[in-house]
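These are the residues of each chain, in order.
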Amino acid sequence: KAGVTQTPRYLIKTRGQQVTLSCSPISGHRSVSWYQQTPGQGLQFLFEYFSETQRNKGNFPGRFSGRQFSNSRSEMNVSTLELGDSALYLCASSPGQGGDEQYFGPGTRLTVT
Amino acid sequence: AQKVTQAQTEISVVEKEDVTLDCVYETRDTTYYLFWYKQPPSGELVFLIRRNSFDEQNEISGRYSWNFQKSTSSFNFTITASQVVDSAVYFCALSEARGSQGNLIFGKGTKLSVKP
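Each protein sequence line maps, in turn, to chains V and S. Residues in the first sequence are numbered consecutively from 1, following the numbering used here. Residues in the second sequence are numbered consecutively from 1, following the numbering used here.
Please keep in mind that the hints were generated in silico from the structure rather than gathered at the bench. Treat the hints with care, since some could be wrong.
[Claimed, not checked] Listed below are the simulated DSSO-like cross-link pairs for lysine-lysine, each with C-alpha atoms no more than 30 Å apart in a straight line:
id, chain 1, residue 1, chain 2, residue 2
1, V, 57, S, 115
2, V, 13, S, 3
3, S, 3, S, 38
4, S, 108, V, 57
[Claimed, not checked] Among the chain V residues that face chain S by a calculated CB cut under 7 Å, a handful are:
id, residue
5, 42
6, 99
7, 106
Beta carbons: idealized from backbone N, C-alpha and C, even for Gly.
With the hints as constraints, model all of the structure from the sequences given.
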């Protein structure tokens with residue numbers, strides 16, 4: 001099976017702009033979770049989608065949003081970018097049951113200038 | 001509140017040494033899951049193991065072994081005869097069964113450097 005894919009791999013944006021990141025899960029997986037990784041805060045959970053519905057959400061401002069399509073692919077959007085949004089954004093997929101192991105993609109490295 | 005603590009920020013060993021990475025967790029749930037992930041310099045998190053709270057059996061997979069002890073809320077990871085390719089950041093993570101689907105709580109990670 002192909003692994004989790006994320007596009008783009010690298011992105012440079014200017015403060016105030018918005019950005020959309022994409023994630024394609026492993027075939028058959030219905031759950032997609034997003035995480036932000038920074039040197040200061042480590043790995044933090046953003047949100048999780050299952051069958052096109054947001055099922056769980058972390059403690060991030062409303063500028064961070066996402067969606068999931070019927071084929072389980074997911075997108076994450078960040079509006080009004082701030083310098084502090086510079087991070088590695090990781091997407092993970094799993095079958096969708098509580099406690100399932102999650103399989104991660106290579107990440108999107110976002111730099112906000 | 002749930003929390004994962006990896007007290008060792010960085011560890012440096014010489015090849016062929018054994019090394020143990022510590023993980024201590026906090027949760028109020030009786031049903032939960034523990035994980036270890038490896039993050040090599042390329043950045044992708046690689047799944048290593050999952051343990052549920054009802055299974056305290058230790059596990060061995062090649063040079064890797066895991067020691068789960070509920071009494072001390074610990075889930076430690078040992079690499080035997082370390083190799084340079086083991087150099088990476090290792091994360092311990094916790095998932096509670098109820099109301100937290102898809103949400104892994106990660107520790108801060110332990111950076112392991114294995115020198116030849």
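To see whether the hints hold, each was checked on the structure:
As the CA atoms of residue 57/V and residue 115/S are separated by approximately 40 Å, the hinted pair breaks the 30 Å bound. About 33 Å separates the Cα atoms of residue 13/V and residue 3/S, which puts this hinted pair outside 30 Å; it is violated. For the suggested pair residue 3/S and residue 38/S, the alpha carbons sit about 19 Å apart, so the restraint of at most 30 Å is met. About 20 Å separates the Cα atoms of residue 108/S and residue 57/V, which keeps this hinted pair within 30 Å; it holds.
With a cut of 7 Å, the hint placing residue 42/V at the interface with chain S holds, because the nearest CB-to-CB distance is about 5 Å. A distance limit of 7 Å between C-beta atoms decides the matter here; for residue 99/V the minimum to chain S is near 4 Å, and the interface restraint holds. The closest approach between the C-beta of residue 106/V and any C-beta of chain S is roughly 5 Å, which is under the 7 Å cut-off, so the hint is satisfied.
When the structure is compared with the earlier hints, violations turn up for hints 1 and 2 and for no others.
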